[in-house]
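> The listed protein sequences derive, respectively, from chains H and G.
Going by numbering that gives the first Met the number 0, the first residue of the first sequence is number 0, and it counts up by one from there.
Going by numbering that gives the first Met the number 0, the first residue of the second sequence is number 0, and it counts up by one from there.
Incorrect hints may have been included.
Since the list gives no way to pick one copy over another, a pair counts as held whenever it fits inside one copy or between any two copies.
Straight-line Cα separation of at most 27 Å, DSS-like style, residue types lysine-lysine; simulated pairs [claimed, not checked]:
1) Lys52 to Lys158
2) Lys163 to Lys108
3) Lys126 to Lys191
4) Lys52 to Lys191
5) Lys287 to Lys126
6) Lys309 to Lys233
In case anyone wonders, no lab produced these hints; they're calculated from the structure.
There are 2 protein chains.
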Amino acid sequence: MPAQTNIAEVGEVGLIRRIAEIVNVRTEDASLRDNLIAGIGDDTAVFKPTPGKTALLTTDSFIEGVHFDLTFTSFQHLGWKAIAANLSDIAAMGGAPRYAVIAISIPKKISLEMVEEFYRGAMAACKKYSCLIVGGDTTASIGNMAISVALTGEADEQKILYRKGAQPGDLICVTGHLGASHAGLKILQREKQRFLESANPVEFQPNLAPFAIALEKHLMPKPRFDISALLTSKVTTHCAIDISDGLASEVHRICEASNTGAKIYEHNLPLDSNTQQIAGEFSEPPSKYALYGGEEYELLFAMTDQEFEKLESLTSDVTIIGRITPQSEGIELVLENGEPEALPFAGWDHFTSINNE
Amino acid sequence: MPAQTNIAEVGEVGLIRRIAEIVNVRTEDASLRDNLIAGIGDDTAVFKPTPGKTALLTTDSFIEGVHFDLTFTSFQHLGWKAIAANLSDIAAMGGAPRYAVIAISIPKKISLEMVEEFYRGAMAACKKYSCLIVGGDTTASIGNMAISVALTGEADEQKILYRKGAQPGDLICVTGHLGASHAGLKILQREKQRFLESANPVEFQPNLAPFAIALEKHLMPKPRFDISALLTSKVTTHCAIDISDGLASEVHRICEASNTGAKIYEHNLPLDSNTQQIAGEFSEPPSKYALYGGEEYELLFAMTDQEFEKLESLTSDVTIIGRITPQSEGIELVLENGEPEALPFAGWDHFTSINNE
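The shape of chain H in the complex, shown without the other chains:
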């Protein structure tokens, strides 16, 4: 590890200067660049909204010990993920990201270089998905590290994808594969435990290579702007949400907002082979990871059969997992054996999960 600098040596002013050097990179996106009037270095960021566009605003926090474990999360991954989680909310609304501010609370154990790595990871996500970090707040913490990102976006008002709008008979669809993020987390936690129990920690090598797909999904999630662009411009989509707390919770949220029921077919859940292998190693059903694992950042949406046919001709990365039903029919999971049961409103709940540990 290179030399580490105590942040107290440079103070808040020195820290902000180093952060500004990393984030004030000239963006190639002319619209973002030309419409930013003031970034880091004033009381607020100042920018020109695009005339005629509707504004989006979201915030997501990442708390050490709750959302991430620094023993197996690099600061670059952490920075990427903090931005990507917020970007995913913008994608789920059918918008385009614009400007971000980051509030970071830093305990004494974190060096200046670690904070720089965090911002490099955040910037990598910003560059890939065209947004800019334009301000923030840096504070000390006497406890754990905490990060809150707030992100603005823009959308055409008529194209915004809300949670409400699903209609009985609609197909329920998801992007990509499900369960991989949770599978990746299980592997990281297992290897940490193996390390802690190893007789020779200096020579310990975690066994990670066979699980690269799941690990990347957990550490470096990709917001699905590729699919949201199709959902807003090529087909008619009734509603959309991103899967951050697990599929089951998000199905409930769409049904609640749309006043509908839903039937989800367990055998249709898209699982990649890495996730199936990992679930197998833990002797757990992979569908459990898909239904109740969090931090997927895939999209869940509903549309008619006709619209799905159109969508399917444009991408192969979407899967039908069920159908919207009348509200009176409830929210059901049809098991692989064909038996229906109530789909619980369960998934990653911060309060019950943490407090029950």
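Given the coordinates of chain H, work out where chain G should sit on it, guided by the hints.
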């Protein structure tokens, strides 16, 4: 104390429902109300920017043990202050606040009722200064409580008050009185200590009444939209900043952004009698509180003598504390005895302050 509910009993969904009930109050501000398309309950908030206006975006965090001590801060005050600190940044830019999101990280010791009190306090500030809470993120914390607010605002591009723009010869001015917030904090810390050391804690009564002005300044700061409205519409103001980390730091920030020096006159610092009394009790010079105490949320600005004359005819709540000088003359504090000395870039620095404790 009324019955307290463990948040795990209601879960994140129940918590968000209770928060939404508090913040989804119908605002009397027609522009805020009519331009909000979606608030809490979707992946992002959605709103229409006012055509022709420039957007502002800021974030400020409040961390337990760093910014606040729950043994002497009520949750309503905490909510007020978290919003007010962000509002102050908007006021310092000459803007009007619009929509806020709150990320709150909640340890197990905090009950549902305490979180509700927090949001009631935040809403009180929102109502008074016309902004709306339109979303957020609730997470558990295994450590301390942490709050990050992100706030959007709007301004006329030509009227925005930046930190840069001060010119040699300009008067340096502040709103209100200085040092009171730090004085209030000193009293709260002293009374906490007295309580901890008291032989009979049950009957202990803190001695707070004589210090009401300073305590209110610390616990319920008021963003200076009254004065920023004058600065943007009635007079020409060269630059402005809000005093959040202490006067001395903010003078340095204005000078750095404007490429100027400054001369601040110690005997001109506006101190209220409560602050003077408190500093006296601690045998400290009250000017130290004014120069280096944080969380004032007053405005610091620069303008010509002619413009100040106009301003003075409109308000009596502004004070001249010095003059902008050429950069080569440095940043000086002229002591009460007439001797100049370099004004240190000192004040509330999270990293040096916390790590030196």
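> Each hint needs a verdict: does it hold in this structure or not?
Comparing the hints with the structure gives:
{"no.": "1", "hint": "Lys52 to Lys158", "in the structure": "both (11 Å within a copy, 23 Å between copies)"}
{"no.": "2", "hint": "Lys163 to Lys108", "in the structure": "neither (44 Å within a copy, 35 Å between copies)"}
{"no.": "3", "hint": "Lys126 to Lys191", "in the structure": "neither (31 Å within a copy, 49 Å between copies)"}
{"no.": "4", "hint": "Lys52 to Lys191", "in the structure": "neither (47 Å within a copy, 51 Å between copies)"}
{"no.": "5", "hint": "Lys287 to Lys126", "in the structure": "neither (34 Å within a copy, 45 Å between copies)"}
{"no.": "6", "hint": "Lys309 to Lys233", "in the structure": "within (8 Å within a copy, 59 Å between copies)"}
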